[in-house]
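Enquirer: Which chain is which? The protein sequence lines are U and B, in order. Note that numbering that gives the first Met the number 0 has the first sequence beginning at 0, numbered continuously upward. Note that numbering that gives the first Met the number 0 has the second sequence beginning at 0, numbered continuously upward.
Hint data in this document are derived by calculation from the structure and do not stem from the laboratory. Just so you know, not all the hints are guaranteed correct.
Unchecked claim - Cross-link-like lysine-lysine pairs, in silico, DSSO-like; alpha carbons within 27 Å at most:
| hint | chain 1 | residue 1 | chain 2 | residue 2 |
| --- | --- | --- | --- | --- |
| 1 | B | K143 | U | K96 |
| 2 | U | K51 | U | K96 |
| 3 | U | K108 | B | K176 |
| 4 | U | K336 | B | K176 |
| 5 | U | K67 | B | K176 |
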Amino acid sequence: MYKPDPALRTPQTSPLAPEEPKPVMRAPPGPEVTDTPVSLFKPDRSLYPPQKPDGKLDIDLSSGKYLKLWQGPQHPGVTGNMAIELTVCGDEVVDAKTHVGYLHRGFEKLMERRTFMQCFPIVCRICVPEPDFNEYCYAAAVEDLAGLEVPEMARWIRTLILEMGRINSYMMYLGGQAGAFGMGVIGQWTTYVRDLMLDRFEELTGARIYHMFIIPGGVRDSLPDGFVQRMEETLQEFESTLADVERVMFHNAVFKKRSVGLGVIEPGWINHYGITGPNARAAGAPNDVRKDHPYLAYPELDFDIITGRDSDIYTRADVRRRDALLSIDLIRQILAKMPKSGQVMSNLPNVLHWKIPRGETWVRGECSRGEYGYYLVTDGSGYPRRVNVRGPSYTHSIALFERMVINANISDVAGLLVSLHTYPPEIER
Amino acid sequence: MKQIMATQTFQQFYEVLQQRFPLGELTVQRDNLAFITVEALQLYPLLRYLRDHEGFTHLVLLTAVDWLEDGQFQLTYLLHNRPVCKDVGIRVMLPREQPSMESIHDLWAGAATYQRELHEMFGIDFPGSPRLDEDFILEGWQDKPPYRRDFDTLEYARDTYRDRPGRETRDPANHMKQQLYGKD
Numbered sequence: 000m001y002k003p004d005p006a007l008r009t010p011q012t013s014p015l016a017p018e019e020p021k022p023v024m025r026a027p028p029g030p031e032v033t034d035t036p037v038s039l040f041k042p043d044r045s046l047y048p049p050q051k052p053d054g055k056l057d058i059d060l061s062s063g064k065y066l067k068l069w070q071g072p073q074h075p076g077v078t079g080n081m082a083i084e085l086t087v088c089g090d091e092v093v094d095a096k097t098h099v100g101y102l103h104r105g106f107e108k109l110m111e112r113r114t115f116m117q118c119f120p121i122v123c124r125i126c127v128p129e130p131d132f133n134e135y136c137y138a139a140a141v142e143d144l145a146g147l148e149v150p151e152m153a154r155w156i157r158t159l160i161l162e163m164g165r166i167n168s169y170m171m172y173l174g175g176q177a178g179a180f181g182m183g184v185i186g187q188w189t190t191y192v193r194d195l196m197l198d199r200f201e202e203l204t205g206a207r208i209y210h211m212f213i214i215p216g217g218v219r220d221s222l223p224d225g226f227v228q229r230m231e232e233t234l235q236e237f238e239s240t241l242a243d244v245e246r247v248m249f250h251n252a253v254f255k256k257r258s259v260g261l262g263v264i265e266p267g268w269i270n271h272y273g274i275t276g277p278n279a280r281a282a283g284a285p286n287d288v289r290k291d292h293p294y295l296a297y298p299e300l301d302f303d304i305i306t307g308r309d310s311d312i313y314t315r316a317d318v319r320r321r322d323a324l325l326s327i328d329l330i331r332q333i334l335a336k337m338p339k340s341g342q343v344m345s346n347l348p349n350v351l352h353w354k355i356p357r358g359e360t361w362v363r364g365e366c367s368r369g370e371y372g373y374y375l376v377t378d379g380s381g382y383p384r385r386v387n388v389r390g391p392s393y394t395h396s397i398a399l400f401e402r403m404v405i406n407a408n409i410s411d412v413a414g415l416l417v418s419l420h421t422y423p424p425e426i427e428r
Numbered sequence: 000m001k002q003i004m005a006t007q008t009f010q011q012f013y014e015v016l017q018q019r020f021p022l023g024e025l026t027v028q029r030d031n032l033a034f035i036t037v038e039a040l041q042l043y044p045l046l047r048y049l050r051d052h053e054g055f056t057h058l059v060l061l062t063a064v065d066w067l068e069d070g071q072f073q074l075t076y077l078l079h080n081r082p083v084c085k086d087v088g089i090r091v092m093l094p095r096e097q098p099s100m101e102s103i104h105d106l107w108a109g110a111a112t113y114q115r116e117l118h119e120m121f122g123i124d125f126p127g128s129p130r131l132d133e134d135f136i137l138e139g140w141q142d143k144p145p146y147r148r149d150f151d152t153l154e155y156a157r158d159t160y161r162d163r164p165g166r167e168t169r170d171p172a173n174h175m176k177q178q179l180y181g182k183d
């Protein structure tokens, strides 16, 4: 079994991050620390239920030893509207089932009755904190099947919007992760800077949350006057807040004590459970769609994939913090390299009578939680035959979470769930 | 084999694969995405071969498309090969009457969730898949599986809910036509 090495617990800082004091983890007193992990105390677990080959525990519910405990759907420690049915023994979780469906609106079915253009107010609602990926992936899938080309300027603006959305999503995560371990102040700081980014979104698109700005053929408009300067001011505010967050959250003894070594995703699970995004990168797997399947303007941007090593909650939080710093750098690169003017829309057919020939396609992007994509099937009519959304939360919060929560303490369940960064609407669509 | 895939086009890959498995139609959508139709009986051995020998280790998604007029369901298994960054979608056509398919939950643990959803939303059976009969999204649903094309959401909403008095609805296409071009 993979065990994180306490001697190696120094977060890797991105070359983009300013030089800051690194957190120091002192080795536990006692036997000298060697390269192999040393277990100081081995509890007697002979009376606990044995493990089955699939990682679940072999429990007998009729024995009267266990208690069913529902966490959610109304619970501050659950990400959005979902519920976890825990079976606990003492204060330890021995079994868990994820229940979703509290937000089901049947988006995929609704889209089958709408024209390609009418789907836009629907797709952005599939993921509230980062709606732009839905717009981009759906628009790109329609363009692929209809054979539309996107102008150069629109490609850059799309990349800019996706990176702005990514930072916002990470800000919500950092606040949630700190809050799950009892640090409310981080959420207040990150919500403040997220609000500044929403101001930039409002300037650019006219809306704060659901932008509906990326449509097939391009984007709706070019950058407003003075946008670059105001964005730079916002980015500086972000950097200063993220530096504060690093000092207060990542160097905090309570946060480290609760998150280091907890919720380890073993590298061998990545393909079996379909783990993508920061959850996989924190386990050392350099999977990033932005590099592997370069889309939009990413081939022209200069960046490295951010990975971690120890695969616990602390590492996942640190990978996301460094990824947010990377997004800040990418936004600066985009604004410097993008053309200053140009067409933002190609010629669309009349969207009221737009028919797309029979075909199927799949378009993916790297959102803040992992691989996000749209599978679109058309049948020659004016409506999509089938739209299927692949959200990373689908595998993370059901198959993976039910596996990794086994033997966790009930007080850690909230932190564990938040560390997978799940958004329920993309599970139930 | 992985190295071969890196330099092969999908057409060459398809011809090599055809020596081992009887394959149906090949559709190349982009230079990194293709779809291949196979018979239901061939699916499990083909997926296991692609996973273990061709580097398609990541199951991206599993979903169904309802071709009501043909009386068929299409199951799409989308696999991703990380080292060479290519996707292949395996299509399986099932009869719409009592559709049943072999479960692949032992190849990918995440597949069990997809199969639970397909069982609830399309009524496709996957014998042996864990917790298949448990409710996934819908609780106590008695009607026909809602993602089938013959389930009409509008009709269901009219039968189940009442409109607020005084509520006006417009057909968006006609409304836009009137706004743009005036009365016919």
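Enquirer: State for each hint whether it applies.
Expert: Here is how each hint holds up against the structure:
1. In summary, the hint linking K143 (chain B) to K96 (chain U) is supported, as the alpha carbons are separated by about 26 Å, within the 27 Å threshold.
2. Of the supplied pair hints, the one linking K51 (chain U) and K96 (chain U) holds, its CA atoms being roughly 16 Å apart against a limit of 27 Å.
3. Restraint check: the Cα-Cα separation between K108 (chain U) and K176 (chain B) comes to about 25 Å, which is no more than 27 Å; the hinted pair holds.
4. Annotation: proposed proximity of K336 (chain U) to K176 (chain B) is violated, straight-line Cα distance about 41 Å (limit 27 Å).
5. A distance of roughly 57 Å separates the Cα atoms of K67 (chain U) and K176 (chain B); the hinted pair therefore is violated under the 27 Å criterion.
Consistency note: the structure conflicts with the earlier hints numbered 4, 5.
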